[in-house]
Structures are given as structure tokens and as C-alpha cells.
Amino acid sequence: MQLRDKNQIMDSMAMKRALTRIAHEIIEASKGVHGVALVGIRRRGGPLATRLADEIEYIEGQRVPVGILDITLYRDDLTTLANQPMVHRTEVPFDINGKTIVLVDDVIYTGRTVRAGLDALIDLGRPKRIQLAVLIDRGHRELPIKPDFVGKNVPTSLEEVVSVSVTEIDGDDKVVIQELIPEN
Amino acid sequence: MGFDQRKDLLGIRDLGRDEIEQILDTAIPMKDILKRNIKKVPVLRGKGVITVFYENSTRTRTSFELAGKYLSADTSNLAVSTSSVQKGETLRDTIKTIEVMGPDILVMRHGMSGAPHYVARNTSMRVINAGDGTNEHPTQALLDMFSIREHKGTLEGLTVTIVGDILHSRVARSNIYGLTKFGCEVRVVGPSTLMPPEIEKLGVKSFCRLEPALAGADVVNVLRLQKERQQAGLFPSLDEYSNLFMIRPEHLRLLADDGIILHPGPMNRGVEISSEIADGPRTLVNEQVTNGVAVRMAVLFLMMGGSRSEIAG
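Protein sequence lines correspond, in order, to chains A and B. Quick note on numbering: the first sequence equals residues 13 to 196 in my numbering. Quick note on numbering: the second sequence equals residues 866 to 1178 in my numbering.
Isolated chain B (complex conformation):
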């Protein structure tokens, strides 16, 4: 089954390798459009895309909005903080209200894992998960895989080290699901209090010290540390965290010769990544943001472009 035959994009876990490749291949010509003077094609003219974010995220929301606009869809944003949700409306009622306004695609972020899955079962709109709780963030993983493939030429057989708060990270989980489908050796490293028990069951190698986890890695994916985790008592201090797990210039020599560094942003400089690395030539943070728009264009196009009367409703 091609990805264009799906109603929703809820996670990487249930996507086949062929479907991921279809999205990544489609993102290549989409990226070309971003480089043109006229960044607009008419393919989704007359289609509606609404973003509903129950958690704050300016960059992911903007990325989806621009992706929709570049494909000529009409995009709109429901500001949850000023909406009826604050008056006690249920998620189901909110979604039903949006549905009867007629958008085709609902892009949703929610603090509860599984919320988009619940919504997808209860609406005829196509649902894209833009991050749900600690579960998945599929388009972030897709843009990471696109960025890696663009630089390395392939995903097959690479060693990718994910550094930071693995326990709470939906980016880490989606990346693990995606990269292991391509035969990557995925390593995870972070404080043991921020490492899920039995993480190896997802097919990854876990480390508690940074240096051995970085040895020979082709890609380092540095996660953003949420500072409130420290207040919650999950690690002793930010200083200790940065001493043990911050990526610094001296770590570059441990990587493969052409090793690259990813970060989903926004970065805490001096906490999980040093400024020298953040601004260094091997760090793809800004390119990831551009690739995010291209990948989201590909997802929107594939979900809306073809005939799928057989699964409508």
C-alpha cells in the first residue's frame, strides 16, 4: 500500500518502509519549489487545512501552514488558548465543530498520547499527528530522515545516536521506529532517569555515557532538554546534565569523518548543545527547518492529491 492510500498520518510505527520512501521521494521536488521565486503550485486549490495545537509550537504549526499555502490550500489555525476549549468543551465536540466548517485535513498537536488516534476514529477529516504526548511526532522523524538521506545519500546501515531525554521524547520514538526500518543502528544515550525501561526492545542500543555512544556515529540527533524535568527531580542540575551530555567541539572527533548533527529545535545553547556546535558547519538545524516544510508539503499532497473514495468516511 502506498502512503497516498491512507486516510491519516498518526505515527511512523505503523508505516511501511515503502510508504516512508514515497514521502521522502515526493519531498525532493517539493524542496525544489521552495527554492523558486514563485513558491506556489495549484495542486491543493480548494482544499482546507486547519491546525489545532493544544500545546504551543510556533515552528511546527507555521511549517504546516506554509506547506499548505505553497500547495494553494486554504490554511487556518485554531488558537486553542482563546477557544471554547477553555470553556470546557470536549475534544470530540471541538473536532465535530471544526469538521462541519469543512476543512479536509486536521493537523493536531495534543499533550495526551493517542489523542489524534481518537480524533481520527471520530471524524471524516484526514488527521495528521503533529505530536501527541510522549508517543510520536511523525513529521519530525520524516524531516530528520530526509535531512540524513540528503546528506548521506542513503539511510541504509547508518549509525545514529539520539542524545537526551529519551523517556519523554516523541521525536526519539518516531526516529527509532523510522530508522530501524531502514536497518540503521540506533543508539540512545541520556541520564538513566530519562531512559525508558527495556528501551532495547525497540531494537536500539542504550548507553549511559556519551563518548562510547558517539564513537563512529554517522548522525547525532540531539534532543531538546525540557528544563521543567529538572524541577520534577528527574536529574540533579542543568550543570550536571550539560557536563555529562552536552555535545561540544571535542566530540566531533569521535564521530565518523562526515558525521552530522541534528537538533529538532528550539535549542538550549549551553545545555544540550554548545554554541560552537550549534553554529558549526556539520549541524543541520536550519536545513532541517527548510526540509520540514518540504516533507509536510509531500505529506499534504499525498494525502489529498489522489482519489481515495474507497476509504472515504
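Chain A with its partners taken away, still in its complex shape:
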């Protein structure tokens, strides 16, 4: 299967505006940032969590802790994947007990990644509350999981792929809808 770009739905400015809005919503939901920490799901959730922390610091003048969660060991689909993903380190350098943890990812789709993220997080301690922030919600949930903060809702078909690029990993910021082209 090959992928073909179909439509760019966000550029760098749109992504920044979405993250700024989410940052405001996180602050509002917790009435400030006391006890709040951000944990990005590797890979693209990591840079997005750091950017949200930057936005929150700009607005509130206070830095919230940021961690990165690797969920490879918590996936329920490892035996069905053609290539085994590399396991990376989970880097959550603060105590999550009693905190409000905002889990951050680029796209929510079936909800299985988030479920794995919740399992991984709970093995690190007992947060007071876990919230979910995503840049894109593309629908098609297979589990009863709903994000608390969404950058953009994007209705998609199952034949489409939502591809998020971030400067830190991909060299530029954009969100593109791609479609699968069946091979002849």
C-alpha cells in the first residue's frame, strides 16, 4: 500500500494557534497549573507536550513538568505488526502521584494507543486525575475513550491516514490527510 497526500489541513500557524488554545483550556480546567504535569506519548506527543508547556509558561509564568512515555511494551497489537517497533525509554523525571497528568498525543484514532498510555502511566504511580489532549481527533474509536482537549476534529474515512509532522522530528510543522492507494 502506498500513501498519497490529499489535503493539508493545518500549517505551522494553525498548529500554534491550536496549541495556544489547548494551553488556555488546560489552565482553565485546573484553575491554574498547580499540580499539573504534561506527559507526551512517544514520538510526536513528546514535542507537542514540550510546546504546550512553553505556551503554559508564557501565559501563567510558571513551568510545568514534562515527561515522555514509551508505550511499546503496553501495545496489544505487537504480534500482528510486520516490523517490531523499537522500545525507547520512558522519561518521566517527576513523581506523578497526586498530580493532574495531561497525556498528550498527536492523533487519536481507535483509542488503543491512549489505552496503552493509560496503562503505562498507572504503572508509574497514582495520579489524582488523568486528562487527554490531542492535536487531531479523527474519529473511529474502538474503545470508550474521549479526549478532554482537542486541537481540531477531522472527520476521516478508514481509507485515509492523518499524518502530523513536527519540526523537532520531521523538519516542518503540518497536518496532512493522505489516502491509501491499493497496489495493482
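Just so you know, the hints here were simulated from the structure itself, not pulled from any lab data. A hint or two may mislead.
[To be verified] Partner residues aside, some chain B positions facing chain A, computed with beta carbon under 8 angstroms:
#	residue
1	T891
2	I893
3	P894
4	D897
5	R901
6	I903
7	V906
8	V908
9	P1056
[To be verified] Listed next, with one range per pair, are the computed distances between beta-carbon atoms:
#	chain 1	residue 1	chain 2	residue 2	range
10	A	L155	B	V965	33 to 39 angstroms
11	A	E40	B	S989	56 to 62 angstroms
12	B	I893	A	Q14	50 to 56 angstroms
13	B	A1097	A	D88	38 to 44 angstroms
14	A	Q74	B	P1146	47 to 53 angstroms
15	B	S1102	A	I134	41 to 47 angstroms
16	A	E171	B	R910	28 to 34 angstroms
[Claimed, not checked] Quick look at which bits of chain A chain B covers, simulated, 3 or more residues with Cβ under 8 angstroms:
#	segment
17	82-88
18	98-107
19	133-143
For each residue, glycine too, the CB sits at the ideal point set by N, CA and C.
Chain B: place on chain A using the hints.
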């Protein structure tokens, strides 16, 4: 080919450098799990790991069992000394019986070199060699390489001296195969009666005196001396052995400034290693044991985690 595409882990000799690096890299996040309050991840849930040890080894067996449990596999141990093996059952029949009980991975130690290779050819289970005769002990070499890399930052170009009974040591052989793949200068030293003929053909330098072999070494890997070798007449006395080859505090000055000492355990204090060295800050014995669990977690995960339908059976 990545290591995750292999059916079995039988030795270091036939592993590529990329495969070794994949295992060592995967062991880093595994070690993180050992430091957590909840030392368990669900990745091997529903998988079975059985350890079958035809030779005694509490620590390697326990290390594999814990590695499996921390990854949520179901682990079990066949106690060979009380099993049907004592009633004359053949190795092949024993393995077939285990196979139909349904485990996915068989971890095996055997006194005969090549026994795991024979088993691997005759079973659909994945086989991990936990030491076969005088041939190989791959996970020990992997944990040694992990410990060295963790301390030195790299394996590339280091000088590693292996001291002791090279002739009978599967740890030495696996270490030699692994370290030479990374461009290490590997030196071996021990009594000439315990040195294999033509050992240099494995790409190592051999010495019969300890001091020149230690000069400038970054790592000293001290092997356990099996005392029964003395009864077999392979060296005159334990006293003579310890006089000539025991690592003592005065040897530290011969090493590189940040030289470290490894020992696969269990240690014979006062025979191959002095107590001062065994308990000293540059000796990584306890860390090696921890790293052993992490490396075995990495091996189990890589062997079980991905799809390998193309090589099943």
C-alpha cells in the same frame, strides 16, 4: 536482519553486530523497568517460558524466570534432577513432551556442547541457549557487553583481558566472539594447560603471565575457576593458581585509569579474585546480575514481541 527476526538464540558467534546492538539498546529501557515500583509490563502476557537446566545454575535460571515474569510471561521450571530424564528418557522425547504443553520459549542449559542446537532443529519452540558445555553462554556475554558499554559509553576499541580457565569456559568463548565484532583487543591469560591450542585464531592475544596481560586493560573479566579441574590434574594446586592468576589490589595500577573488573559469579574468593577486589568499587559483579535480568528481558521481548510468521515452524 534484526535479532527480532530470529527463531533461536544459540550463540554469539553467528549474531551480527547490528543484532547485538539491537539487544543491548533494548536492554536500556528494560533496566528502567527494574528500577520502578511496579516491575511489570504486559508485553508477553499469555506467552509461556520454560527453563530446562540439565546442569545446576540457580542464578541464570532465576534471572530468566524473573525476566519472563517482569514481562508478564508465564514461566515454569523443569527440575531435571527429579524428572523422567533420570528414568532414561531421551533429550528429544523430553523436549517433545514439553513442546506439547505449549510454552513458546525454551531456555536450556546442557552439559553437552551443541545440545540446544540439536533441540532447536527439532522443535517449533524458540530456544535460548543458557550455556552448552564448553561452547557458548550467549546471554552472559550480552550482559557483560551491556555492563561494559554502560560504564565506558562504547565497546569500540577497548582492551579486554579475560583471566582464567579459557579452555573450558563458554563465557570466555561467547565474550571473545562478541567483543571482537566491536573491534576490541581481547587478551586471554591463564595456565597453559587451561588455554586452548591455537586460541589466537579467534582473533585474541594470548598470555601466560598475568601482569603483561593486564597492562593498560580497560576491562578485566575474571572467570570462575572450577575446583574440580585441579583434581583432574590440569594445574598443580589452588595455591599455585591463586599466586599466579588471582586478581589482587596491586593489579589495579596496571589497568587503564578507569579500568573495571567483571566476574560472572559465583566467586571463589581467594582463588581467582581477592576479597578486596571482589568488594571494591571498580568491580561490577552485582551490577552484572541486575544487567543480566535486563538483557534477558530484551532477548525474550525481541524473540516474542513481533510477527515472525515467515519463520514459524
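Taking the hints in turn, this is what the structure says about them:
The restraint placing T891/B at the interface with chain A holds, with a minimum CB-CB distance near 5 angstroms, inside the 8 angstroms limit. Interface restraint check for I893/B: the shortest CB-CB distance to chain A comes to about 6 angstroms, inside 8 angstroms, so the restraint holds. Of the supplied interface hints, the one on P894/B holds, with its beta-carbon coming within about 5 angstroms of a beta-carbon of chain A, less than 8 angstroms. At a threshold of 8 angstroms, the smallest CB-CB gap from D897/B to chain A is about 6 angstroms, leaving the interface hint in force.
The closest approach between the C-beta of R901/B and any C-beta of chain A is roughly 7 angstroms, which is under the 8 angstroms cut-off, so the hint is satisfied. Proximity of I903/B to chain A holds as hinted, the smallest CB-CB distance being about 5 angstroms (cut-off 8 angstroms). Because the beta carbon of V906/B sits about 4 angstroms from the nearest beta carbon in chain A, less than 8 angstroms, this interface hint is met. Against a cut-off of 8 angstroms between C-beta atoms, the interface hint on V908/B holds, since the closest Cβ of chain A lies about 4 angstroms away.
For P1056/B, the interface hint is violated, since its Cβ never comes within 8 angstroms of a Cβ in chain A; the closest pair sits about 43 angstroms apart. At about 36 angstroms, the CB distance of L155/A to V965/B agrees with the hint of 33 to 39 angstroms. With their beta carbons about 57 angstroms apart, E40/A and S989/B fall inside the hinted range of 56 to 62 angstroms. About 34 angstroms separates the C-beta atoms of I893/B and Q14/A, a value inconsistent with the hinted range of 50 to 56 angstroms.
Separated by about 54 angstroms at the C-beta atoms, A1097/B and D88/A break the suggested range of 38 to 44 angstroms. Hint check: Q74/A to P1146/B, Cβ distance near 42 angstroms, so the stated range 47 to 53 angstroms is violated. At about 59 angstroms, the CB distance of S1102/B to I134/A disagrees with the hint of 41 to 47 angstroms. Range check, E171/A to R910/B: about 32 angstroms between beta-carbon atoms, so the 28 to 34 angstroms window is met.
Given a C-beta distance limit of less than 8 angstroms, the hint that chain B covers the segment 82-88 of chain A holds, as 5 residues qualify and 3 suffice. Coverage of the segment 98-107 of chain A by chain B holds [criterion: at least 3 residues with CB-CB distance below 8 angstroms; count 5]. Against chain B, the segment 133-143 of chain A contributes 3 residues with a C-beta closer than 8 angstroms to a partner C-beta. That satisfies the three-residue criterion, and the hint holds.
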